[in-house]
Amino acid sequence: MKTNWFKGIIVVIFMIGFFNCQKKTVHPIDEQVERLLLQMTIEEKIGQMTQITIQAVSKTQGTVDQMHELDPEKLEEAITKYHVGSILNVWDVAHTAEYWQEIITKIQDLATKKTRLGIPVIYGIDAIHGANYTLGATLFPQNIAMAATWNPELVRKSAEITALETRASGIPWNFNPVLGMGRQPLWPRLWETFGEDIYMASIMGAEYVKGLQGNDLSDPVRVAACAKHYLGYSFPLSGKDRTPAWIPERMLREIFLPSFKAAIDAGAVTVMVNSSEINGIPVHSSHFLLTELLRDELGFEGFVVSDWNDINSLYLREKVAKDQKEAVKMAVMAGIDMSMVPYDFSFYELLLELVNEGSVPVERIDEAVNRILKVKYLLGLFENPYPEKRLLKKIATEDARLLNHQSACEAITLLKNDDGVLPLDKKQKVFITGP
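FYI, the numbering for the sequence shown is 86 to 520, going by this note's numbering.
Treat the hints as calculated values from the structure; they're not laboratory data. Worth double-checking, as some hints may not be accurate.
Straight-line C-alpha distance at most 25 Å; calculated SDA-like pairs for lysine to any residue [claimed, not checked]: (1) K242 - Q491; (2) K459 - E382; (3) K404 - T376; (4) K479 - R241; (5) K166 - A141; (6) K295 - A233; (7) K295 - K479; (8) K166 - E468; (9) K407 - V440; (10) K242 - H180; (11) K159 - N394; (12) K144 - D211; (13) K512 - L499; (14) K346 - A230; (15) K459 - L302; (16) K459 - V447; (17) K242 - E495; (18) K459 - E377.
Have a look at the derived ranges for each label pair, beta carbon to beta carbon [as the list claims (entries may be wrong)]: (19) T190 - T148: 17 to 27 Å; (20) K159 - D304: 25 to 35 Å; (21) E473 - R120: 26 to 36 Å; (22) T126 - D301: 29 to 39 Å; (23) T145 - K198: 19 to 29 Å; (24) L155 - P333: 42 to 52 Å; (25) E334 - L202: 34 to 44 Å.
Ideal Cβ placement from N, Cα and C applies to all residues, glycine included.
Build the full structure now, drawing on both the sequences and the hints.
This is the structure:
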């Protein structure tokens, strides 16, 4: 009897210790996200899944002859009425870092001071070869040239500088690296890739992610990476951008998937989706690609963002949805967490209708918003959503210039015109130019 009593005490002590250990493994951010989710209305949640372009809340478009200007009323409506969780821009003139900081400060003032829960906005941008939207920033060679250096360390260091100069502009999210395989020479965006070699693209892509994100995303000189365009985007049959690809699954796994796996293993916290279709199925509607393969097999835990207007394209271009409402349902249920809408609040309104009528479960909304909020917490946006003025002096330093020069030098590739492959006359002069 005493023996059984003693064994019982041991079991109880063991179980208490086990459950205490289990509690310790819960990430503090996960607890913060769960607490915040419990306070949020369905409208606030769907707002977090909505991303609009800065042009949608601006009075004027920035051009060479015209300064960009925010529209305070439109911006306030977007953030306080529609609870927009993310803003981006993909075309505009380059602004000074000081002006970027001014824009981001106005956005975060509204998000953190004029809303019920004070959830910061995550601003995203295409800093593809350096902080190219920041005037005077360091512009590195394009990815195809960086791959030609055969130097992963250079790629990582260039990404570190890109992260610093992007974050110095107040922007915490970079829509890069492009991880498509450069195997379709007709594709007009080939220069965004790390080339045709699977191993090269995987190594360089992973190093780029490490350079952007570092070991601590909350570090004010780091930004969130975005692995894109998942999957097979760079291999369209016609060569034209945003057009269909035909890629057998074996080929998809062997050639196009490894670079994304490497980026995810390196810690990439966001993924952007292929704008078109593979084998007749739009990627934005593919549960197999966005959930079964990306999450269940590759173990991706971050959030998935659509590309520009591509949920609407399920109805407008691919014609697989009968209307925009069905397109929203298809995309969200397939695994899209955030919609790059980008000009209006149609996604917000239609998804709210779908949830209220029971066509999209609240659990799916919670899943998506959980992922988005976690990235915002990891970036330290809840603690400090504002740009840091002290970083302004770190843009385009001498060290950055020297690294850029080294990258350009190592990227130079000399070719031999053996057997007259190119019809060139040695006596003629050839003018070579490029972007």
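List of violated hint numbers, smallest to largest
Of the numbered hints, all hold.
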